[in-house]
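Protein chains in written order, with full-length UniProt numbering: chain A, 1 to 286; chain B, 1 to 286.
Simulated from the structure, these hints should not be mistaken for lab results.
Treat the hints with care, as some may be off.
Unchecked claim - Some residues of chain B that are not near chain A, with every Cβ distance over 10 angstroms (derived):
| hint | residue |
| --- | --- |
| 1 | 18 |
| 2 | 32 |
| 3 | 62 |
| 4 | 63 |
| 5 | 83 |
| 6 | 133 |
| 7 | 148 |
| 8 | 180 |
| 9 | 209 |
| 10 | 220 |
| 11 | 221 |
| 12 | 226 |
As the list claims (entries may be wrong) - Output of the computed footprint for chain A on chain B, the stretches with three or more beta carbons under 8 angstroms from beta carbons of chain A:
| hint | segment |
| --- | --- |
| 13 | 40 to 54 |
| 14 | 134 to 140 |
| 15 | 189 to 197 |
| 16 | 276 to 284 |
What the hints assert, rightly or not - Cβ-to-Cβ under 10 angstroms is the rule here; a few derived chain A residues that face chain B:
| hint | residue |
| --- | --- |
| 17 | 9 |
| 18 | 47 |
| 19 | 63 |
| 20 | 123 |
| 21 | 127 |
| 22 | 233 |
| 23 | 236 |
| 24 | 270 |
| 25 | 273 |
| 26 | 274 |
| 27 | 280 |
From the three backbone atoms N, C-alpha and C, an ideal C-beta is built for every residue, glycine too.
There are 2 protein chains.
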Amino acid sequence: MNPLPNDAWFTEVFDSHASAFSLKVSEKLLDVQSPYQHLEVYATETYGNLMVLDGCVMLTDRDNFLYHEMIAHPALFTHQDPKRVVIIGGGDCGTLKEVLRHPGVEHVTQIDIDEEVTKAAERFFPSLVESNDDPRAELLFADGVKWVDDAPGESIDVLIIDSTDPVGPAEGLFKTDFLKRCHRILKNGGVMVQQSESPLYHSGSIIRELRHDMREAGFNSVATLPFPQPVYPSGWWSVTLAGKETDVNHFREDAAADHDMPLQYYTRDAHRGALVLPPFMRNALA
Amino acid sequence: MNPLPNDAWFTEVFDSHASAFSLKVSEKLLDVQSPYQHLEVYATETYGNLMVLDGCVMLTDRDNFLYHEMIAHPALFTHQDPKRVVIIGGGDCGTLKEVLRHPGVEHVTQIDIDEEVTKAAERFFPSLVESNDDPRAELLFADGVKWVDDAPGESIDVLIIDSTDPVGPAEGLFKTDFLKRCHRILKNGGVMVQQSESPLYHSGSIIRELRHDMREAGFNSVATLPFPQPVYPSGWWSVTLAGKETDVNHFREDAAADHDMPLQYYTRDAHRGALVLPPFMRNALA
Numbered sequence: 001m002n003p004l005p006n007d008a009w010f011t012e013v014f015d016s017h018a019s020a021f022s023l024k025v026s027e028k029l030l031d032v033q034s035p036y037q038h039l040e041v042y043a044t045e046t047y048g049n050l051m052v053l054d055g056c057v058m059l060t061d062r063d064n065f066l067y068h069e070m071i072a073h074p075a076l077f078t079h080q081d082p083k084r085v086v087i088i089g090g091g092d093c094g095t096l097k098e099v100l101r102h103p104g105v106e107h108v109t110q111i112d113i114d115e116e117v118t119k120a121a122e123r124f125f126p127s128l129v130e131s132n133d134d135p136r137a138e139l140l141f142a143d144g145v146k147w148v149d150d151a152p153g154e155s156i157d158v159l160i161i162d163s164t165d166p167v168g169p170a171e172g173l174f175k176t177d178f179l180k181r182c183h184r185i186l187k188n189g190g191v192m193v194q195q196s197e198s199p200l201y202h203s204g205s206i207i208r209e210l211r212h213d214m215r216e217a218g219f220n221s222v223a224t225l226p227f228p229q230p231v232y233p234s235g236w237w238s239v240t241l242a243g244k245e246t247d248v249n250h251f252r253e254d255a256a257a258d259h260d261m262p263l264q265y266y267t268r269d270a271h272r273g274a275l276v277l278p279p280f281m282r283n284a285l286a
Numbered sequence: 001m002n003p004l005p006n007d008a009w010f011t012e013v014f015d016s017h018a019s020a021f022s023l024k025v026s027e028k029l030l031d032v033q034s035p036y037q038h039l040e041v042y043a044t045e046t047y048g049n050l051m052v053l054d055g056c057v058m059l060t061d062r063d064n065f066l067y068h069e070m071i072a073h074p075a076l077f078t079h080q081d082p083k084r085v086v087i088i089g090g091g092d093c094g095t096l097k098e099v100l101r102h103p104g105v106e107h108v109t110q111i112d113i114d115e116e117v118t119k120a121a122e123r124f125f126p127s128l129v130e131s132n133d134d135p136r137a138e139l140l141f142a143d144g145v146k147w148v149d150d151a152p153g154e155s156i157d158v159l160i161i162d163s164t165d166p167v168g169p170a171e172g173l174f175k176t177d178f179l180k181r182c183h184r185i186l187k188n189g190g191v192m193v194q195q196s197e198s199p200l201y202h203s204g205s206i207i208r209e210l211r212h213d214m215r216e217a218g219f220n221s222v223a224t225l226p227f228p229q230p231v232y233p234s235g236w237w238s239v240t241l242a243g244k245e246t247d248v249n250h251f252r253e254d255a256a257a258d259h260d261m262p263l264q265y266y267t268r269d270a271h272r273g274a275l276v277l278p279p280f281m282r283n284a285l286a
């Protein structure tokens, strides 16, 4: 692709909250219309490479560690002994890399509907795919909802929904019916985690509804963990955990404090702190 | 002032990090060139009113609670018994309001160089000035650096530097020499706190230098606390505390958990969590 003019910016407008975030870009590296979505990759001036899906920022080199660590490690340190992990979405493979850092994990299946995302990660985000050759990793390109339907009951320890926003290809991943299907394939003691949008923008809407729907689907505990994420709307994001016959408000604190993973954001204390919601969120979720 | 066209946006560009944040605005409510800075107030579509100084977002109705709670309460719950508090800057009076929530505080002096900021807060941010008539509050419009020089030694319990960025009128507030003068007027056991920019953008520069300069100025302990702040660069901000013969890595946890202040973000657990820095920050600060 061609270099862009010196003053070129990529801007994502969040219509529903009348705000926008921009990064200065020096080059467009990829522009692909897959069967599912419009995929772009840019070189930015200060955030490394940037991946965009249907006009929404997915990740940058500079700050994706926040999201990927927070969607993976709280769930894995909450489960008592995670061996079989499934990732729905996550085609950039950054979540897969974090999951594979856990030595007790025996098998991880990643099911993303769009192979173009993984191809783009392989070309432009090499650090995210560096664990793809791990013999424990299985990469499938298929419909995650159908995969869940076809999976045997009570066969999974941790289920990670690493999806785009609840519009477009990921819309079906935010429905009660899907959550019930997820509940079915988790073993007792299993943990599900889903990215759940902005604490500032969505506490009274998407997050509250997701927590309600998780309980409706049979999960007996839920916990929403906020964390900073500069390139996402409002710069503040969240994941929501749900437990099947387990309390996701507690985790293996000793293991979370004593490991040799080279993490940049997640700590036992960050996990503890994230479990106690700010009063404005508690009120909005009530 | 006149209504703006339907597609009008206020945008702050952060040149040094080649990123930008925008809010859709419906009306410009104020445009004043004071002797010190260019002050604008806009009505936004979803963030309430917005105050801008020299082109930089200062605050909005919607999310200022994050910054104001985090610059006030960690410092006040760290000091063992704060009675005399001084705020340098803070002309919007939001920090003053948070400080006055503490019943043990006997006197708060706020010294902002620019009275136009307070006048704008009175007109367009009434919730921020609602404690200005508290008999414990003293509002001065003067040079904060000079005020500190003229203050008696060891006369203050908590000193809050609630300034703009370290360029323009606030530049002098980020120098070692000023920190030494602050150290002089604090009693033993005193706590100073300063807004210290973005964990993502400034850990290896402004934050590291400020912590170094605080130690050089005679403070025996420092602690940087990150927190979300959607309208500031990167959506993630920090305050840095410094103690004079006291350890700012500990605070009055029981008091922070048991009070009747109607806070929206600050909790004992948020304070605890913020005291443990993410590994990437620890590395950048080392």
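Problem - Nearest-CB test (10 angstroms) between chain A and residue 220/B - result: holds, 23 angstroms
Practice task
Using 10 angstroms as the Cβ threshold, decide whether residue 47/A counts as touching chain B.
Solution key: Holds - the Cβ of residue 47/A comes within 10 angstroms of chain B, reaching about 7 angstroms at its closest.
Handout entry: chain B contact restraint on residue 273/A - CB to CB distance below 10 angstroms
Key = At about 2 angstroms, which falls below the 10 angstroms cut-off, the nearest Cβ of chain B leaves the hint on residue 273/A intact, so it holds.
Problem - Minimum Cβ distance from residue 148/B to chain A greater than 10 angstroms, as the annotation requires - result: Since the minimum Cβ distance to chain A is about 33 angstroms, residue 148/B lies beyond 10 angstroms and the statement holds.
Practice task
Say whether it holds or is violated: residue 209/B keeps its Cβ farther than 10 angstroms from all Cβ of chain A.
Solution key: Its Cβ never comes within 10 angstroms of chain A, the nearest being 20 angstroms, so this holds.
Practice task
Please confirm whether residue 62/B is truly not at the interface, meaning its C-beta sits more than 10 angstroms away from all C-beta atoms of chain A.
Solution key: violated, 8 angstroms
Handout entry: Restraint satisfaction for residue 123/A [CB to CB of chain B, less than 10 angstroms]
Key = violated, 23 angstroms
Exercise for the section: Identify whether the interface hint at residue 63/A stands, where standing means a beta carbon of chain B within less than 10 angstroms of its own. Expected result: Holds. Min distance 6 angstroms.
Handout entry: Hint status (Cβ of residue 127/A to nearest Cβ of chain B, threshold 10 angstroms)
Key = Cβ of residue 127/A sits 14 angstroms from chain B, so the hint is violated.
Problem - 8 angstroms C-beta test of the segment 40 to 54 of chain B against chain A, three or more residues - result: holds (count 4)
Practice task
Taking the shortest Cβ-to-Cβ distance between residue 18/B and chain A, state whether it exceeds 10 angstroms.
Solution key: For residue 18/B, whose nearest Cβ neighbour in chain A is about 4 angstroms away, the distance does not exceed 10 angstroms, so it is violated.
Problem - 10 angstroms cut-off, C-beta based - residue 32/B kept clear of every residue in chain A - result: Non-interface label stands for residue 32/B: nearest chain A Cβ at 25 angstroms, farther than 10 angstroms.
The structure fails hints 1, 3, 4, 12, 14, 15, 20 and 21 (numbered hints given earlier, in ascending order).
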